[in-house]
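Student: Now for the letters of each chain:
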Amino acid sequence: MEEVTGPARKPAKEIKIDQISGLVLVALALYICLHVVMVLPVGNHYRPGPGYFPLLLAAILGVCGIIVFFSGQSSPAFRSVDWPGAKKAFYIGLCCLFAVYAIEPLGYRLTILIILLFLFGVVERHKWWVTLALSLGLAFGTYSVFRGFLNVPLPEGMLGF
Amino acid sequence: MINETLPNLLLGFATAFTPHNLVYAIVGCFIGTMVGVLPGVGPLAGISLLLPFTFGIDPTSGMILLCSVYYGAMYGGSTTSILMRIPGEAASVMTCIDGYAMAQSGRAGPALAICAIGSYIAGTFAVIGLMFVAPPLARFALRFGPPEYFSLLVLGLFVLGYMTGGSMAKNIAMIALGLLLGTVGMDFISGYFRFSYGMVAFGDGISIVPVVVGLFGISEIMATAGDPGRPETIKPRLRDLIPSREEIKRSVAPIGRGTLLGFFIGIIPGSAHIISTFISYAIERRVSKHPERFGKGAIEGVAGPESANNAASTGALIPMLALGVPTGPIAAVLLAALIVHGVNPGPQFITEQPVIFWGLVGSMYLGNFVLLILNLPLIGIFVNLLRIPYRYLYPIVLTFCILGVYAANYTTTDLAVMLAMGVLGYVLRKFNFDAAPVVLGLVLSPIIENGFRQSLAMSHGSYAIFLTRPISLTFLVGTALLILLTFRSQSRKKAAWREKLTQAEKDG
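For the record, the sequence lines run as chains A and B.
Residue numbering for the first sequence follows our numbering, starting at 2 and increasing by one per position.
Residue numbering for the second sequence follows our numbering, starting at 532 and increasing by one per position.
Next up, chain A with everything else stripped away, as it sits in the complex (with noise of 0.2 Å):
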């Protein structure tokens, strides 16, 4: 007897990076359009504005994306892309969102010693000793050699170290 089997199904249509990428694009587009419409004079070919040359890119850019979207069908599903580093990769974010707002109350060395400590004792989890003087050495050594040396001003900070 026969298996009855039923409709084969469809495949899920699954977004690709290429098709995110256009979109993106054109949302950008679009909203430097909007912005330079809204905020800055755009002028005329005889006199052309500060958001002339902004809405023509802007125009290109546009145009990119619809391109880049509808020849995305044979790139990479969205899903497929590897982030391996990611974790890192968002602690080193959070290392330079650290020093944004850190450097100018706390200081150059106190600064780039926190940011230290924390990549090589936290994440590379080296050995205590290891990440003490390579953290001590680079945030005091660099700030010698460029505040005393080069005589670039970093920031000494609210503490005065």
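Rather than coming from a laboratory, the hints here were simulated on the basis of the structure.
Note that this is a predicted model, so its numbers are computed, not measured.
Treat each hint with caution, since some may be false.
[To be verified] Each computed DSSO-like pair below joins lysine-lysine, with the alpha-carbon atoms no more than 30 Å apart:
no. : chain 1 : residue 1 : chain 2 : residue 2
1   : B       : 961       : A       : 88
2   : B       : 961       : B       : 827
3   : B       : 961       : A       : 14
4   : B       : 780       : B       : 827
5   : B       : 780       : B       : 820
6   : A       : 128       : A       : 17
7   : A       : 17        : B       : 961
Since the structure of chain A is already known, use the hints to place chain B on it.
Tutor: Showing chain B alone in chain A's frame:
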């Protein structure tokens, strides 16, 4: 001309060979090579970092130091490209493809040697060109008005979009993004603030340093720090550096072509040294009897772009020294150094400041020789730097990125821009976009916009001005041909060299 040049050159050598200038040249070359070798620290950040140090010394020594760092970084960038497939600076991107493939097949030494020899030859010939060809070339470039500059830059950007592997639409989108980033800040014609959102720090626009360090430094660290499959660094022995007779024979013509190409492209405004490497690679591939070897370790793919890169670095100084017009961010920093020292750059510079100009020329000969020594017998020292495990190295590189970016303008806004660009660069990698066109767009944005708006003002709003002037028309015809070529290769579904190049980049 010889009668005039030789005494000046002797003056230059006499200046360059004074003990303190000799030390500055050697120290600059050493620092520059380290800057080029270390991933994430480019020549721009290196020169910017060293700029304050030159304030206390005389202008000739200061320029010699900064230019030596520049050359050193150009030389050093090839080391990481070949040994680790990480370009030390953007102009070494093309060297990665075949240089790393050679390293994988045990030919890292000859690749490094050909890079150093090619760079030395190209650098030396470019200095000769700087001496003899600069005045007539500068006069020719002076014929360019805004429409010519605009059309030339459009052609340059399309060449970049075409020569870069992958989708041309993606590359053009990245160029447009870079150009848009370049519009941030005060519009110098109308005085309007664009996209600055009330932030004073954006008034002068987005600085190139945080963008470059973010896109190429931070994103590199982000992408590589957690990558378990990071390639081991190969340490070639001194005797392994000697290329075979066949490799030397195959490198001669690419070095010659790269030198000529790089030198002449270098004069054109823009990040020409990067473009010259792309064009050189494309030409070598086109003229090769075995284009299939490209991407798999063809020494021509190393010799040509590296020579072009170094020749372009010297060529790029011509408009800066002869006309006072910087052709890119590095030349702009060097120009700023001259101004800080009270030197007036411009057409009178060479006649008014012969000691600085000819001292610099003399130091270039010396610098090229010093770099040949640094990059061949001392390669082991720089390779040892690369052998430091990345889990030790990346926090150090991050420290220098933060330090370099902050020290450029002493503002935390630049650090925020660096972070944003780092994240953008990381995401762009994942979505198969190339970040290099963003930087080029950012650098060229003010020149291209001024050219565009001034042209329209000249023609009372008529776009025909770009087509009625012969030089401008020639550049635009070139652009149109490139666009047609792209459509042709796509419509025929042929495995065009651009797709092969993309594949080579991925495989490499």
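Student: Next step is simple, just say for each hint if it's right about the structure.
Tutor: Now the hints, each set against the structure:
With a C-alpha separation of about 15 Å, the suggested pairing of residue 961/B with residue 88/A holds against the 30 Å cut-off. For the given pair, residue 961/B sits about 24 Å from residue 827/B by alpha-carbon distance, which is consistent with the 30 Å threshold. About 21 Å separates the Cα atoms of residue 961/B and residue 14/A, which keeps this hinted pair within 30 Å; it holds. Between the alpha carbons of residue 780/B and residue 827/B the distance comes to roughly 18 Å, so the proposed pair stays at or under 30 Å and holds.
With a C-alpha separation of about 14 Å, the suggested pairing of residue 780/B with residue 820/B holds against the 30 Å cut-off. Simply put, residue 128/A and residue 17/A have alpha-carbon atoms about 43 Å apart, too far for the 30 Å limit, and the pair is violated. Of the supplied pair hints, the one linking residue 17/A and residue 961/B holds, its CA atoms being roughly 12 Å apart against a limit of 30 Å.
Comparing the model with each numbered hint stated earlier shows that hint 6 is the single one that does not hold.
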